[in-house]
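Asker: Dock chain B against the given chain A, drawing on the hints supplied.
Chains A and B supply the protein sequences, listed in that same order.
Using the working numbering, read the first sequence as starting at 43 and increasing by one per residue.
Using the working numbering, read the second sequence as starting at 43 and increasing by one per residue.
One thing to keep in mind: the hints can contain errors.
Since the list can't tell identical chains apart, any single copy or any two copies may satisfy a pair.
Claimed, not checked - Capping the alpha-carbon separation at 25 angstroms, the derived lysine to aspartate or glutamate pairs in DMTMM-like fashion look like this: (1) K265 / E277; (2) K334 / E117; (3) K228 / E278; (4) K228 / E277; (5) K147 / E117; (6) K237 / E117.
Keep in mind that the hints were calculated from the coordinates and are not lab data.
Please read these numbers as outputs of a predicted model, since none were measured by experiment.
What follows is each chain in one-letter form.
There are 2 protein chains.
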Amino acid sequence: MGYVKWSYDTLNRFCHDVFCRFGFTEEESKTIKDVLLTADLFGIESHGMQRMVRYHKGIEKGTIHPEAKPEIVFETPVSAVIDGHNGMGQLISAFAMEKAIEKAKSTGIGMVTVRESNHFGIAGYYAKMASDQGLLGMACTNSEAIMVPTFGRKAMLGSNPIAVAMPAEPYPFLFDCSTTVVTRGKLEMYNKMNKPLPQGWALDKDGHESTCAPEVLKNITSKQGGGIMPLGGNEEASGSHKGYGYGMLCELFSSIMSLGVTSDQCCTFKDKTGICHGFIAVDPAIFGDAEKIKMHLSEYLETLRRSPKAEGQERIYTHGEKEVYAMKERMENGIQVNDNTMVELAELCHYLKMDFGSYFKDYKLPENSTFFTGNY
Amino acid sequence: MGYVKWSYDTLNRFCHDVFCRFGFTEEESKTIKDVLLTADLFGIESHGMQRMVRYHKGIEKGTIHPEAKPEIVFETPVSAVIDGHNGMGQLISAFAMEKAIEKAKSTGIGMVTVRESNHFGIAGYYAKMASDQGLLGMACTNSEAIMVPTFGRKAMLGSNPIAVAMPAEPYPFLFDCSTTVVTRGKLEMYNKMNKPLPQGWALDKDGHESTCAPEVLKNITSKQGGGIMPLGGNEEASGSHKGYGYGMLCELFSSIMSLGVTSDQCCTFKDKTGICHGFIAVDPAIFGDAEKIKMHLSEYLETLRRSPKAEGQERIYTHGEKEVYAMKERMENGIQVNDNTMVELAELCHYLKMDFGSYFKDYKLPENSTFFTGNY
Chain A
43 MGYVKWSYDT LNRFCHDVFC RFGFTEEESK TIKDVLLTAD LFGIESHGMQ RMVRYHKGIE
103 KGTIHPEAKP EIVFETPVSA VIDGHNGMGQ LISAFAMEKA IEKAKSTGIG MVTVRESNHF
163 GIAGYYAKMA SDQGLLGMAC TNSEAIMVPT FGRKAMLGSN PIAVAMPAEP YPFLFDCSTT
223 VVTRGKLEMY NKMNKPLPQG WALDKDGHES TCAPEVLKNI TSKQGGGIMP LGGNEEASGS
283 HKGYGYGMLC ELFSSIMSLG VTSDQCCTFK DKTGICHGFI AVDPAIFGDA EKIKMHLSEY
343 LETLRRSPKA EGQERIYTHG EKEVYAMKER MENGIQVNDN TMVELAELCH YLKMDFGSYF
403 KDYKLPENST FFTGNY
Chain B
43 MGYVKWSYDT LNRFCHDVFC RFGFTEEESK TIKDVLLTAD LFGIESHGMQ RMVRYHKGIE
103 KGTIHPEAKP EIVFETPVSA VIDGHNGMGQ LISAFAMEKA IEKAKSTGIG MVTVRESNHF
163 GIAGYYAKMA SDQGLLGMAC TNSEAIMVPT FGRKAMLGSN PIAVAMPAEP YPFLFDCSTT
223 VVTRGKLEMY NKMNKPLPQG WALDKDGHES TCAPEVLKNI TSKQGGGIMP LGGNEEASGS
283 HKGYGYGMLC ELFSSIMSLG VTSDQCCTFK DKTGICHGFI AVDPAIFGDA EKIKMHLSEY
343 LETLRRSPKA EGQERIYTHG EKEVYAMKER MENGIQVNDN TMVELAELCH YLKMDFGSYF
403 KDYKLPENST FFTGNY
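Here chain A stands alone, though its shape is the one from the complex (with noise of 0.2 angstroms):
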């Protein structure tokens, strides 16, 4: 599979124009876009790029309602519950943590749930919202059905990702991880370079380990059992019970807060997927000096990337570094996007009668190339 870098300034402009053509206004447009390329500039290409096409897809068969607006359907000074109405995620999401945001900065804290909503890209992007604020953010979905809950052979919970940024030099604190060990991102690789996956990552429909990607892969989609493992695995001593349980926590901060439709129910039906989601933004300053709380954060950071290193290894990371140093990269020498990318970014050109040429001069669609590239 080849890869091809395009600026940053070339992906926005056509993701902008992409949204707009969609429906959605200048506005909406930007923020969808923004979500978008923020992932591509963290170098977590599975959710930048690459996902253009589910939106593509959600939107044409009705799964993604791109006129829906966000509606307040309870509220509290501290909380809010959001109805998505099948909405873009990412603007029913963005909505939902200035919500939070907001409550946050007057009471202290506030917690926002969502239901009905959609994909919502990465969910560090909304718990960066409020860092970059000086507030703690947290942010987590609900989605598709792929972990398999210990001692199960029936995918039951989704990837279920908790992302959590606070304030701190030289950068934030940023964790945003999926609760299975690895993406189903991460299964569609392993299985384009046709390789078997490691260890400890997926079960087979009968809840045995299983290496094969495309096997697995095919019995995610039909819904035939089997799937990825919590992290920590399929055996209490590896701690697959604890996987398992932040997958729940997920869940009880999307779904089941919001009285919206857990993992196993989301992308089952016609009209919606019924994605859940749940975003909290805390201001430190109700501990007392907000400033000092940063330093103290700032400090332990440093402390632990300066700690003795393991044999063989260069450096230890605290969570966000990594992004931070991707994002820099790809601003200077552009964003890498895959041959497969691109064939379903012309059939997204084709669809809303766009230029593909006029964006991306020059780009020659693999020969072999067809537009209709599967099943999202």
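Answerer: Using the frame of chain A, we list chain B on its own:
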């Protein structure tokens, strides 16, 4: 190593008398022994009677100050910071969680951070205090450094458990896990059994995997390097950075927000441990009908338990279920205490001038037992 079983009533009477003898009031002794015995009833042997020796040694050495009273040093309607003045962890923590609950009942959410405390027993006890009152409860603590961050070779974080409890029928959801792959107690068990550690648990002083329990334990105690891996092991492919990240979340809500001692420094002082905690209580009613939310969670938990089992497995547990069964069984059949612990209890009686035989009638200490059972 032999075991002996004692009724709950016997241990209850013994523990209560021990703490009264240490100078705690009736009410205080009741709280402390309830935390300890709940661990034994839940089947978490490592945190029950087996830990008596740590409190004994802590008081003897002067790192636990029995007379200290927790003090609220900062407060808002949704938050508080408590200075524990190095008192007994259980008393400070019960006080702090009660404060969080009180705030949650008034404003919807209460977040309380604690600095200058001591080992608090099982985190789940405090989370359950909230769920017993219809709230979601979270509790976390930092501790003496035993977790080696990804790519490191020196322990920089504690076992850093996070517990979350939420009301459900027929029993609450109760998640309580260290963010390391296993706790130090597990290593001690393997050491006593003279067995090699499973793969993926521990690191030697150079940061390489080790299965030698005595070596790893010795290095942890003498701070020679090495320690326990984060949940997810020591490679990014198995999610090491995720367990390390959850350990950090625990640190944020305990030592960072309270401006307390971070795990890398905990237990390095002469007159205190410096251990910090975090407690959160959330009233589900801030998201609508609390009863409906409870039923929604109960149904999802039941769906999980009923979901298809892996070949060779008979049941899928939801978090907190094992504790319910363990408690029933132990209340009926007694609580198992190992002979090493009995020796420690005998030593404790000697120290406090209590009559061992009046509690543990007819029990014969192992012939080769010594009162001085190591470095705690």
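Asker: Confirm or reject each hint.
Answerer: Right, here's what the structure says about each hint:
{"no.": "1", "hint": "K265 / E277", "in the structure": "within (23 angstroms within a copy, 30 angstroms between copies)"}
{"no.": "2", "hint": "K334 / E117", "in the structure": "between (32 angstroms within a copy, 17 angstroms between copies)"}
{"no.": "3", "hint": "K228 / E278", "in the structure": "both (24 angstroms within a copy, 12 angstroms between copies)"}
{"no.": "4", "hint": "K228 / E277", "in the structure": "both (21 angstroms within a copy, 15 angstroms between copies)"}
{"no.": "5", "hint": "K147 / E117", "in the structure": "both (16 angstroms within a copy, 16 angstroms between copies)"}
{"no.": "6", "hint": "K237 / E117", "in the structure": "neither (50 angstroms within a copy, 56 angstroms between copies)"}
Taken one by one, the earlier hints fail for this structure only at number 6.
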